Amino acid sequence: MKKKSYYGYFFVAPYFIIFLIFSLYPILNSFVLSLSHWDGLGESVYVGFDNYARLLSNPYFYQSILNTFIIWIISIVPELIIALVLAMILNEKFIKGRHLFQAVFYFPNIVTPITIGVLASLLFDWQTGSVNKFLMGLGIIDDPVNWFAHPFIAQVIVATVMCWQWFGFNMLIYMAGLQSIPRTLYDAAEIDGANKFQVATKIVIPLLKPVVMFTVITSIIGGMQIFEVPLVTGTGSGDSTQTMMVYLYEAAFKRFQYGYASSVSYGIFIIILALSFISFKFSKKRQKAPTGL
Amino acid sequence: MKSATQLSANKEMTIRSNNRLKRNVGRAIIYVVLIILALICLLPFYSMIISSTHSNFDIANKLLLLPGDQFLENYSRLVEKVPIWRGFFNSVIITISGTALTLYFSALTAYGFSKYSFKFSNFLFAAVLAMLMIPGEVSIIGFFKLMGEFNLLNTYWPLILPGIANAFGTFFLKQNCDAAVSEEILESARIDGCGELKMFHRLVIPLLAPALATFGIFAFIGQWNSFLMPVIILFDNHLQPLPVMVAMTRGKFSTDYGAQYVGILLSIIPIMIVFTMLAKKIMKGVSAGALKE
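Which chain is which? The protein sequence lines are A and P, in order.
Position one of the first sequence corresponds to residue 245 (this note's numbering), numbered consecutively onward.
Position one of the second sequence corresponds to residue 68 (this note's numbering), numbered consecutively onward.
In isolation and in its complexed conformation, chain A is listed as follows:
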């Protein structure tokens, strides 16, 4: 039995003092700011819902939402497929060096994102970057490609970097999910004459559905907040890699429109909340359907 005691308050008090000052108050403060004009120096001036009206009529904001979604979609689809296939391959008994492969695939995930952004912008630099030199060395292209000059290619590059950075993480999640599927199930399927492909599509994927939904939800929340890589690589391509977070950052800390930027932050917040809610509902509904076990 838990001890009934006022001591509990002492143990949780530091958390809530800091939470109230450094989290809850700033969240409410951001909302108050979103109803005002503030340039960071003088007093803030109350302007009602002006900032939100401006936000909803601003094509740049919609463009940043669209950019974020495009980059997210191009990265998430291959990312999760690669992660799932790799997890199933590395789960095979015959694979040697499993831990080494796992470690190599996961490593990019813990490298500082801003550093990866700088590295990517150097490697994809059209005049001096190794990527062009390498592709020309292999004879795949004849002339250096100016990657960041094309709006869509710039988005593809950012998405590729995101995919490269996160597939190993999702692979580890899927491998943990695979561990929970009993071996006897595979053996039974093999005795019944199922081939690897049938085992994968008929047994493994249906059983992994909750895990897949988990990775989709976490990647929505993470993907909507893509920031560092597009911030560094984002020059030269117009605005095609300006994600929602980059837009927020530039409105606040480059143009010093703190009031407007606060309304942007609430806009992003609502989008993320709505997406998490939708995918959560969706996964609940799907889980009710029979999955074979």
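You may find that some hints are simply not true.
Result set (EDC-like, lysine to aspartate or glutamate): computed pairs, CA atoms no more than 16 Å apart in a straight line [stated by the list, open to error]: (1) A:Lys-246 x P:Glu-250; (2) A:Lys-247 x P:Glu-254; (3) A:Lys-248 x P:Glu-250.
In short, the hints are calculated from the structure, not lab data.
Remember, predicted model here, so these are calculated numbers, not experimental data.
Starting from the structure of chain A, add chain P where the hints point.
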């Protein structure tokens, strides 16, 4: 009759060796794919190391595959303009103090929720869980304004103190505290006259040590990699942590690629060392808690 059985036996043998051949070819293809993917994960880092040892002229004009001898020249140009070792030192201070606070207070809060029942404890824990769902950017501008009012801008306090209220750590450690710390041990310590806080220090923290280690690694990596907070809060360049300094090299050395590569290299080396030592533990942590920053 005899030759017929002989024939079918032969046939069976060729089928079997065909199958084995098929299987071996299949496995070889799988290994090739795994190795190519591993190369894709590592090549950017290899290219970074190689490029950091060559002159700007060679970086701009050749595909470099082998190390050169210009590392020290690149390095000395870098440290002339960017105090990279100061940045390293700043990162160590911020990361160690921030991680220590996060670990201690997350354990304290988790213990309070796990072992005491008090009025509103369920409501307060629900508030902790709710914070898991709220993305950080919604508070960022209000946070910036508040830190200005507290006169804490350009100090490390805004980067370190919020770590006391870490929702994920509290949640993760409470799960572990529920399982790893039994009420009987606590009761018998009480009978021996042990005070409540002393009990937390002497009994609970050692019992939570494995969970603290797992969570600590991720808290450490997250803090080490953080970029947005320091870039907003700190104005003096020499106070910045390593990731911000690396981003600064981009602006200061737009054409000095050698120096930029050295900067990136110096910021990645500590992560490489930590990962080589703790890879198994880190990857276990990912699959156990599905941790994401």
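How the hints compare with the structure:
For the proposed pair Lys-246 of chain A and Glu-250 of chain P, the alpha carbon gap of about 7 Å is at most 16 Å, so the pair holds. At roughly 9 Å between alpha-carbon atoms, Lys-247 of chain A and Glu-254 of chain P fall within 16 Å of each other, so this suggested pair holds. With a CA separation close to 12 Å, the supplied pair Lys-248 of chain A and Glu-250 of chain P stays within the 16 Å bound.
When held up to the earlier numbered hints, the structure conflicts with none and fits them all.
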